[in-house]
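**Q** For chain A, the structure is supplied; the task is to place chains B, C and D on it using the hints.
Chain residues, written in single-letter form:
Protein chains: 4
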Amino acid sequence: MRAVVYEGPRRVSVKEVPDARVERPTDVLVRITSTNICGSDLHMYEGRTDFEPGRWFGHENMGQVVEVGAGVEKVRVGDYVVLPFNIACGFCKNCERGLTNYCLTAQPDPAMAGAAYGFADMGPYAGGQAELLRVPWGDFNCLRLGEDAEERQSDYVMLSDIFPTGYHATEMAGVQPGDQTVIYGAGPVGLMAALSATIRGAGKVMVVDRHPDRLRLAESLGAIAIDDSAVDPVEAVLEQTMGLGADNGCECVGYQAHEPDGREQAASTMNRLVASVRFTGRIGCVGVFVPQDPGASDELARQGKLAFDYGAFWFKGQTVGSGQAPVKRYNRRLRDLVAAGKATPSFLVSHELSLEQAPEAYEHFDARDDGWTKVVLHPTTAGA
Amino acid sequence: MRAVVYEGPRRVSVKEVPDARVERPTDVLVRITSTNICGSDLHMYEGRTDFEPGRWFGHENMGQVVEVGAGVEKVRVGDYVVLPFNIACGFCKNCERGLTNYCLTAQPDPAMAGAAYGFADMGPYAGGQAELLRVPWGDFNCLRLGEDAEERQSDYVMLSDIFPTGYHATEMAGVQPGDQTVIYGAGPVGLMAALSATIRGAGKVMVVDRHPDRLRLAESLGAIAIDDSAVDPVEAVLEQTMGLGADNGCECVGYQAHEPDGREQAASTMNRLVASVRFTGRIGCVGVFVPQDPGASDELARQGKLAFDYGAFWFKGQTVGSGQAPVKRYNRRLRDLVAAGKATPSFLVSHELSLEQAPEAYEHFDARDDGWTKVVLHPTTAGA
Amino acid sequence: MRAVVYEGPRRVSVKEVPDARVERPTDVLVRITSTNICGSDLHMYEGRTDFEPGRWFGHENMGQVVEVGAGVEKVRVGDYVVLPFNIACGFCKNCERGLTNYCLTAQPDPAMAGAAYGFADMGPYAGGQAELLRVPWGDFNCLRLGEDAEERQSDYVMLSDIFPTGYHATEMAGVQPGDQTVIYGAGPVGLMAALSATIRGAGKVMVVDRHPDRLRLAESLGAIAIDDSAVDPVEAVLEQTMGLGADNGCECVGYQAHEPDGREQAASTMNRLVASVRFTGRIGCVGVFVPQDPGASDELARQGKLAFDYGAFWFKGQTVGSGQAPVKRYNRRLRDLVAAGKATPSFLVSHELSLEQAPEAYEHFDARDDGWTKVVLHPTTAGA
Amino acid sequence: MRAVVYEGPRRVSVKEVPDARVERPTDVLVRITSTNICGSDLHMYEGRTDFEPGRWFGHENMGQVVEVGAGVEKVRVGDYVVLPFNIACGFCKNCERGLTNYCLTAQPDPAMAGAAYGFADMGPYAGGQAELLRVPWGDFNCLRLGEDAEERQSDYVMLSDIFPTGYHATEMAGVQPGDQTVIYGAGPVGLMAALSATIRGAGKVMVVDRHPDRLRLAESLGAIAIDDSAVDPVEAVLEQTMGLGADNGCECVGYQAHEPDGREQAASTMNRLVASVRFTGRIGCVGVFVPQDPGASDELARQGKLAFDYGAFWFKGQTVGSGQAPVKRYNRRLRDLVAAGKATPSFLVSHELSLEQAPEAYEHFDARDDGWTKVVLHPTTAGA
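Residue numbers (the numbering used here), protein chains in the order written: chain A, 94 to 477; chain B, 94 to 477; chain C, 94 to 477; chain D, 94 to 477.
For reference, chain A alone in the conformation it holds in the complex (with noise of 0.2 angstroms):
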């Protein structure tokens, strides 16, 4: 089958690698028929993991199911699914509770936990930037989609990590009806958690970023776009809730923050959210951030510690959560928004391209070119 394999720092391309396959009873096999390019993979993309050459990368993935185990009884060939970017075993500790993010069973070193595909320490697994995926524990990982599934697939296919990882940024940070809520980073995770405070309700929803295309994907959902190159965003935000802060703060930017002048300053956006949120304000942090960053400038950044305003958050009595999404406690009702027109998270989707394209779309996506706000591939098509 043909894959988009990492051949090193900024380098992929399109080979013939061996076929995906069912290798336990409990496994699916998906022709994958969509699959993003996320924020993610730059990191590993960029060399700055220790991801292995000749793996190949794909966490975001929906598909058509061509094969499965002996042991698999809901999911059956020809169903639409798409996969939560989380691989989860369903009994351990965690799973069991719900927390998939941190599967004990899939994650092969006993000092940590979690699972996902085609990513750099979070197990063996194959990407599905790739014609076919093994998805392990397929029954309990695969989410089955209805008869729009096919036609709708850049819907569907943010079911995988985005539209979830949104989403959990607005739960942990508790967003209810009424709330004003702000939110760092109008990248797409940013404008999922945009999309995800309007469904929750919320009465107000401010979101921080600087590039214009952004801000203005964000206005269109009727959120209030403050642009951090032009105004102070504490400020603005304070400006906006009388004084008070916001009721709630989500985090989607994550350890590779840049100040406006270029800088990276790791530590900049949770110090303004602390800032920017009430006393007794939650804060859910879905930004990515790493517990050791050998190349970072500073040596605190390589030590993955920010020099965090704790003293300003514990006097403001305030909470923060943190961590990679649990898909699939969303992704059902998620699935079920999007199926009853009430959700189109495709809006932010601004390239469909085949596999072979995926070079070229690696270099602008990793370039942040204009325009270029987030690439779903198409490695096969339904059907074929």
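By construction, these hints were calculated from the structure, which means they are not laboratory data. Any given hint might turn out to be false.
[Said to hold, decoys possible] Below, computed lysine-lysine pairings styled on DSS-like, alpha-carbon distance capped at 30 angstroms:
| id | chain 1 | residue 1 | chain 2 | residue 2 |
| --- | --- | --- | --- | --- |
| 1 | C | LYS167 | C | LYS186 |
| 2 | D | LYS167 | D | LYS186 |
| 3 | A | LYS435 | A | LYS167 |
| 4 | C | LYS435 | B | LYS108 |
| 5 | C | LYS435 | C | LYS167 |
| 6 | D | LYS167 | A | LYS186 |
| 7 | A | LYS186 | D | LYS186 |
| 8 | B | LYS186 | C | LYS435 |
| 9 | B | LYS186 | B | LYS435 |
| 10 | D | LYS186 | A | LYS167 |
| 11 | B | LYS186 | C | LYS108 |
| 12 | D | LYS435 | A | LYS435 |
| 13 | C | LYS435 | B | LYS167 |
| 14 | A | LYS167 | A | LYS186 |
| 15 | C | LYS167 | A | LYS435 |
| 16 | B | LYS435 | D | LYS435 |
| 17 | B | LYS167 | C | LYS186 |
| 18 | D | LYS435 | D | LYS167 |
| 19 | D | LYS108 | A | LYS186 |
| 20 | C | LYS435 | B | LYS435 |
| 21 | A | LYS167 | D | LYS167 |
| 22 | B | LYS186 | B | LYS167 |
These numbers were taken from a predicted model, which means no experiment stands behind them.
**A** Same frame as chain A, now just chains B, C and D:
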């Protein structure tokens, strides 16, 4: 009336001051029969805050009602009452949701929230280390006690702060029956957190400290004492939990954390908690941290920042809740446990003294003299 | 002042009565600018309760503050305020946990809980269908409105009862984004429940009733209208939900439920809900049921009992929550949604009348005359 | 293998039946070392259900794994495991939210939900009152035990049903530290509810029953025993709670409730709970109720209806949760409490017998013979 007046760094004296009195129709006037010295009093006593000389401390108070304003309906003269250290109006946006720790009315500074008796930056309210105390919004702030109030004062007075504060740590940490819980700090609050975890049905409670008297008290509750001057506490916790880490953790130390060798290291307990608590675990932080600390030895601490292992925290998908406890959310149910004989928080009281002995008590307590675990002052005798 | 005085079954007249006034230091006096007639008023109007002739109705009230007691600190003369129908002290065991619907102080009967303005068995408080209203514990009970209060009265007055009551039904039912929710009853409360379910992100809202005007209003919210005079509503819901039943349901009818043929059948909506809602689903019941109903036609109903399908309920593992809404728990966030233009509850107002027109309005509303969906009375003009 | 085969009303015999075996790759085969007789077994034993002669009972099972299917990854041959009585797939809409009590896959009837071993209408699964048991979806359904499993079987086997079921009652009732909790029924489940309430920190636990041996066991837990053959239990509870009623309550009796004079009165415990629990209180109902009961003496009961005091229930704003317990939600944490020596549910075991003694045990248990509180059968010996 007599009060323990602050004269300047490490100087208090017992003096005549103007009588507290009913000032507003919703006030209640209480004759103080028990009032504790708290670790927070020491911050002010040592001159590390801007607490004004001439004022007096005391935010852990109980006593007997001697007068009520014209707008008071529930509380009656003669009632024994215990007062939450937080002064709260009961009707602002925060109080109406139970966030009495961050009352917007009682705190005069509109950029802040929360108030307390005899406390730096927490409003102009007089303390209770005196013969009389004015209690604003008396019907809301007074918790009435039963017939055993007088004889069990050293239990009931703990409802004013440390028992609910320790309980709040376990609430934010989400301690549930069967959990393995680690508590950093075996001072009065940490011991109350250990008691609270036990009440909530924890399967294993581990308490980290280095003072032998405190560790003995922890063991008397059935907890496992970990002496961090003898062993690496993170390793000890991992060993107790099959290498997975505790289910949840409580921070009961605060920014004045010290290494065993005596260096102040504000970040150490939080970072150890991140390392001691399992993936997806929750941490409740009631140890005090401050937005700035001008007298601190390093630059980060001066700005109220911690070099926080945020990367590890995020990677493990943990949650941390913080801040002062909303005492009123818990004091009624904890009172009922005391009344039923199912909790005896007085077990940590080391000294019961008269108001006149307060200066000497401050000296010993500030010096962390062995055996000075918790001091209760009795400014007046009930019915006097 | 003028008030709509109850004279006996189906007789009210507008008369001069003694002015409402500040009686206690915590009272606020409000000049009523909008006050609704509620379905509950009709129970009293029809003489089915022991409401005393000479008193006056009115528990859905808003207006402008004209005087405050000496113990009032937040509310100011001139403020526009809307009042929860429940009168609550703010400091009893129930109020402090947000259960203002069951205040133990405002209700004089120690065997009961909860109080309201102008309501049978809910304390001695005068109603708001008058020029002036005394509001006990004014700082706790008044929700202040913004600058658009005067011109958007018919929206804001709904915060006094039916909007929070409908919302409470969806809260008890646990409506979450993507859910399929069924609501029995499309009267004012049922329509507000449908609006609330939509705000909370429900994927599909189904509303059961038989009055064409009400069903049209439900459809205007995007809900699916089910006419139970034309189809079996249980079957209609099962058909809409792939045979599984709705995720959750709301009872907005109460004990005066009628069959399409006109027979009163108190148990019918609850039993249909049990059949319409899926295994493990939750039901929120805000329709009024009474502990005894001396005028009822059958023996069970006279004793306040239902022939409830408890076996089916248990077998399906359902949960039902019940009772009057704690308006204060929701009115602030719903106010913010109205202010933000994200909710317009006035859509169901059919008539805006003067106080003098009240007797005529009662007649039409009691007769369920077509088009009399909701009546707002304006006893005074703002600033008059 | 040998099994306790149902022959018809009140007739069981121990016979040779075909060996249980691994049928699907996800199955686990367990040699049963302990299996309890449950009150639910008696419903079937008495012939009040459509349980087919020739099948065998046993849904409270533990034992040692003797074989695993090719798709099983966690469970190993030799592991001691305890099995939740509910058989659940782990991946349906209900299981993924933890509602394993209503699994949609294991139950073959699409109009129903939930499955169990050896149980009428709960699927075709064989029971565990036999030498061997086939466990479907073994990785999901087996809870592994530690090294003390063999010697503490009579504690651990309670994790299969009654301990989690009693705990579920307290969870639905929302029992929190300091609460006053009333439990109707001191059979095995009621006693486990009392134990659970104690673990959760209840301040006062009241247990209503009339059998002296059961009331004594309740008292041994520190609960207050209320003998409803001697006093009016509602009045007794009100007296214990200052006339306000218990904070929450548990129904652990079910539809076969009897008056002290012997009449079956299905509605009596629920109606007494409504009267015994305070305004706004929650009730958890785990006693079994059935959608129809053809053999009942009155018409309502035949239809599975109760003459429920719904008016009083609504008037008090109570909530009731119902149904079988999702054992898997609780069994891990309860196991940890047993392992830590903080819970000893075996205290109620009255008889430990061999499989061959089962017929005699059924006879005595069905006759409610004095002292036959709980029977554990040991079909095989560990390691045999």
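**Q** Next, verify each hint and record whether it holds.
**A** Okay, the hints, checked on the actual structure:
{"no.": "1", "hint": "C:LYS167 to C:LYS186", "verdict": "23 angstroms, holds"}
{"no.": "2", "hint": "D:LYS167 to D:LYS186", "verdict": "23 angstroms, holds"}
{"no.": "3", "hint": "A:LYS435 to A:LYS167", "verdict": "27 angstroms, holds"}
{"no.": "4", "hint": "C:LYS435 to B:LYS108", "verdict": "59 angstroms, violated"}
{"no.": "5", "hint": "C:LYS435 to C:LYS167", "verdict": "27 angstroms, holds"}
{"no.": "6", "hint": "D:LYS167 to A:LYS186", "verdict": "11 angstroms, holds"}
{"no.": "7", "hint": "A:LYS186 to D:LYS186", "verdict": "19 angstroms, holds"}
{"no.": "8", "hint": "B:LYS186 to C:LYS435", "verdict": "21 angstroms, holds"}
{"no.": "9", "hint": "B:LYS186 to B:LYS435", "verdict": "34 angstroms, violated"}
{"no.": "10", "hint": "D:LYS186 to A:LYS167", "verdict": "11 angstroms, holds"}
{"no.": "11", "hint": "B:LYS186 to C:LYS108", "verdict": "38 angstroms, violated"}
{"no.": "12", "hint": "D:LYS435 to A:LYS435", "verdict": "50 angstroms, violated"}
{"no.": "13", "hint": "C:LYS435 to B:LYS167", "verdict": "40 angstroms, violated"}
{"no.": "14", "hint": "A:LYS167 to A:LYS186", "verdict": "23 angstroms, holds"}
{"no.": "15", "hint": "C:LYS167 to A:LYS435", "verdict": "41 angstroms, violated"}
{"no.": "16", "hint": "B:LYS435 to D:LYS435", "verdict": "16 angstroms, holds"}
{"no.": "17", "hint": "B:LYS167 to C:LYS186", "verdict": "11 angstroms, holds"}
{"no.": "18", "hint": "D:LYS435 to D:LYS167", "verdict": "27 angstroms, holds"}
{"no.": "19", "hint": "D:LYS108 to A:LYS186", "verdict": "38 angstroms, violated"}
{"no.": "20", "hint": "C:LYS435 to B:LYS435", "verdict": "50 angstroms, violated"}
{"no.": "21", "hint": "A:LYS167 to D:LYS167", "verdict": "21 angstroms, holds"}
{"no.": "22", "hint": "B:LYS186 to B:LYS167", "verdict": "23 angstroms, holds"}
The structure shown violates the earlier hints numbered 4, 9, 11, 12, 13, 15, 19, 20.
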